Structures are given as structure tokens and as C-alpha cells.
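2 protein chains.
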Amino acid sequence: MGLEDFLPSGNERLDSQLRFTAEIDKMTAVLRRTLLVDGSRRENDAEHSWHIAVMAMLFQEYFPEPVDLGKAVQMCVVHDIVEIEAGDTFAYDAAGNLSKAEREKEAADRLFAGLPADQGRYIRGLWEEFDAAVTPEARYALCMDRMQPFFHNTLTKGHTWGNGTVKRAAVEARMAVVKENMPEVYRWMEKNMDRGVANGWLGE
Amino acid sequence: MGLEDFLPSGNERLDSQLRFTAEIDKMTAVLRRTLLVDGSRRENDAEHSWHIAVMAMLFQEYFPEPVDLGKAVQMCVVHDIVEIEAGDTFAYDAAGNLSKAEREKEAADRLFAGLPADQGRYIRGLWEEFDAAVTPEARYALCMDRMQPFFHNTLTKGHTWGNGTVKRAAVEARMAVVKENMPEVYRWMEKNMDRGVANGWLGE
Numbered sequence: 003m004g005l006e007d008f009l010p011s012g013n014e015r016l017d018s019q020l021r022f023t024a025e026i027d028k029m030t031a032v033l034r035r036t037l038l039v040d041g042s043r044r045e046n047d048a049e050h051s052w053h054i055a056v057m058a059m060l061f062q063e064y065f066p067e068p069v070d071l072g073k074a075v076q077m078c079v080v081h082d083i084v085e086i087e088a089g090d091t092f093a094y095d096a097a098g099n100l101s102k103a104e105r106e107k108e109a110a111d112r113l114f115a116g117l118p119a120d121q122g123r124y125i126r127g128l129w130e131e132f133d134a135a136v137t138p139e140a141r142y143a144l145c146m147d148r149m150q151p152f153f154h155n156t157l158t159k160g161h162t163w164g165n166g167t168v169k170r171a172a173v174e175a176r177m178a179v180v181k182e183n184m185p186e187v188y189r190w191m192e193k194n195m196d197r198g199v200a201n202g203w204l205g206e
Numbered sequence: 003m004g005l006e007d008f009l010p011s012g013n014e015r016l017d018s019q020l021r022f023t024a025e026i027d028k029m030t031a032v033l034r035r036t037l038l039v040d041g042s043r044r045e046n047d048a049e050h051s052w053h054i055a056v057m058a059m060l061f062q063e064y065f066p067e068p069v070d071l072g073k074a075v076q077m078c079v080v081h082d083i084v085e086i087e088a089g090d091t092f093a094y095d096a097a098g099n100l101s102k103a104e105r106e107k108e109a110a111d112r113l114f115a116g117l118p119a120d121q122g123r124y125i126r127g128l129w130e131e132f133d134a135a136v137t138p139e140a141r142y143a144l145c146m147d148r149m150q151p152f153f154h155n156t157l158t159k160g161h162t163w164g165n166g167t168v169k170r171a172a173v174e175a176r177m178a179v180v181k182e183n184m185p186e187v188y189r190w191m192e193k194n195m196d197r198g199v200a201n202g203w204l205g206e
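Respectively, the protein sequence lines represent chains A and B. My numbering applies: residue 3 is where the first sequence begins, and numbers increase by one. My numbering applies: residue 3 is where the second sequence begins, and numbers increase by one.
Heads up, a few of these hints could be off.
Any copy will do: because identical chains look the same in the list, a pair fits if it lies in one copy or spans two.
What the hints assert, rightly or not - Straight-line alpha carbon distances no greater than 25 angstroms define the calculated SDA-like cross-link-like pairs of lysine to any residue that follow:
#1 Lys107 <-> Pro185
#2 Lys28 <-> Arg44
#3 Lys28 <-> Ile86
#4 Lys102 <-> Ala135
#5 Lys181 <-> Pro68
#6 Lys181 <-> Asp196
The set of hints was computed from the structure by calculation and includes no laboratory data. The structure displayed is predicted, hence computed values, not measured ones.
Start from the sequences, fold in the hints, and give me the full structure.
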């Protein structure tokens, strides 16, 4: 089963697009540390990417600048595709995050080479723009990417905070982009961090 | 765990957006008949929605009309949200499809009532537009919604065709929107149907 059963169309360009489509289905097997809201299991990258894409349609009013929503949603759906090759790096893994940029760049080189050049550039461009976090769309999409696992944590007894192993200062640093760009949402995050510390979910 | 642990922000509008965000995480538990490309398990609605959203970024050139890609991608991410309440209806379940529209309308009434009215109207509008399949974005997104499980079937020995239980004519009817709108893609589908019949995956 899988790509070995792929039947070519006779059009190389179409075939490369179809093969890429099958390839990225591996996002469903890249597990994150975050639990689903019901706590039943860890979520995967496909689910996470979908979730923040819908969120981008909901929270624009708390972001201070105009955002091209269609572009932000596209960024959300592709922002983690390189993890098919590079793996998910846990937010609070300092060593892993040091090598993350290098690993992801190599992953992007391999992965996007499978697409027609124009489309490889387009999707890689969206991913690089997201990663640089400079444009409004990128900062907004990054806020969604930070809010979503934070929110899941607040609903799953701080699961990825590891019963206080992760310290509040580390979470504050991670959520700085939300503090800067979406202060009203950040105030709600602070309440949750207060509760997290009080419950022993988050370290002081 | 879950929404019973939700800590309100003090802003009702923000709270309703956050609650909706947590609510739609249930998409990860709505299982489809389709297998993942590697055949390891059935895919869920969140994964499927994400997958067709990325596909929408790849196959535009085979669609004869200009498409607002940002809008099409948004349609893809929300097109199945009503299934949280209504459940997934198998494509080749004739009885289930008779009651589908009614069940989904009731589901939409309940589900979107949880959002601020403007946002409920916006997302419901995208879903209704998708379902009506009249605008270019809706027809294009619908083509992605048809291509994706078809493609998975071709890579998983025709899994949802049930060893020939589903007949070719039923698949052709289901794929008519691709035939009409994306003829080059449909020619590749026909090759796959020929192989499916030859292998006994698809009934004649």
C-alpha cells in the first residue's frame, strides 16, 4: 500500500503534484506533545495545522493590524510540513530547538524539490515568511500556533508542562508574540498561567 | 479534562470563540471510511480537511476558471465541521445520503449558534456555498474533496470500494464534478478505475 501503487497520469507535472499530495499524508504520523482537548491521545501535525487554520478565521479582531486572511490560512496549513522530514521539536526542548532551523532547512530542500519549481517556491515562501514572523500574516499565524497548544494545555491539566517541570517564565517567553500582538488574548493566558501555577501544572 | 476546565476571559465574545475552538477539536474523532495513504488506520475529518486545503494550493491550474484561492482554502478547512454533530456519511451509502442534508442543517443550527452571530454567518455561509457547488471556489473545493479519497483508494487497494462491492458507475457519478471541471485530472481517474476493475477492487 502507498505510493508504490501510484498510477502515473502521463503528465509529469501532475504526477509530481499527486506524489507530493500522497507524501504529505505523513503529517498524520508526526505526533506532537499536545493532547487532544478530550485528553484521549496526542494530536498530530495534520490535526494541529487544520485547527489553527480554523482559528485564524476567528481571532483576527484581537490583532491590531489588517491581515490577508486567505494568506494567513494558507500559512497555517503548510507551516509544519517540513516536520515530515525534520520531526516535531518540543517547544520546551532547548537542545532540540538549537538544531531545529538547520534540520528544517535541509528538510525543506528535500521535500519541496518534489514539487514543480514554481509551487515549491510558493509553499516554501509561505513557510519561510511564517518562520521569519515579520509580516502581519506571519505574526498572526504564529499567534494561532502559540495559542492552540496553550489552550489545549489549559484543558488537559497542563499536560505538556509536565506537572510543573516547565517553568512559567519559559511559557511567557514562548507566548511573547501573543503578548505583543494580541494583548487581550494574552490577559486570558495570564489568568491561565496563574491557575496553572496554583494547581502545580506549571512551575513558578 | 476538556471544556469543563475552561477558564473564562471575562469577555463573552472571546469566550464563545475559544469555546468553539475547543468544540471543533471533536473533528479529530469523526472517522471517515478512507484509510490513510500508508493504510495504517482510518483518517479523521480534521486530517481530511487539512489535506484537501493543501491540495487546493496545488491543482488550480487544471480548473478552467479563476479561483480565489484564499477563499477556497477556507472552504476546505470548514466544509466538514457540521459532521461533529451530524457524523460522516459514507459516500456510497444511499440511505444515509437521503437524510444527510436535513441532519447537517440541524447540526449547523446547533453548532454555529455557539459563535458570535457575524462569525457564525460567515462560516456557515462558506459551508453552504461549498454545498451548493455553484461558485468556482465551491466547485474547485468540491473537486478536491472528491479527488482526495479517490486518490487514497487508489493507494490502498480500493479500500472503501469494498472489494468490488461499490460499482464503477457509482464512482463515476460521484466524480462527475471532477469530470466536468478538471478533465485532465479525470482522465487519470479513469485509468485508476480501469485498474480498480481489473484488480477486483471496484465492481464493473
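Going down the list of hints, with the structure as the test:
no.	hint	verdict
1	Lys107 <-> Pro185	neither (32 angstroms within a copy, 36 angstroms between copies)
2	Lys28 <-> Arg44	both (15 angstroms within a copy, 13 angstroms between copies)
3	Lys28 <-> Ile86	both (6 angstroms within a copy, 24 angstroms between copies)
4	Lys102 <-> Ala135	within (16 angstroms within a copy, 42 angstroms between copies)
5	Lys181 <-> Pro68	within (18 angstroms within a copy, 39 angstroms between copies)
6	Lys181 <-> Asp196	within (15 angstroms within a copy, 57 angstroms between copies)
Violated hints amount to a single one, hint 1; each of the other numbered hints is respected by the structure.
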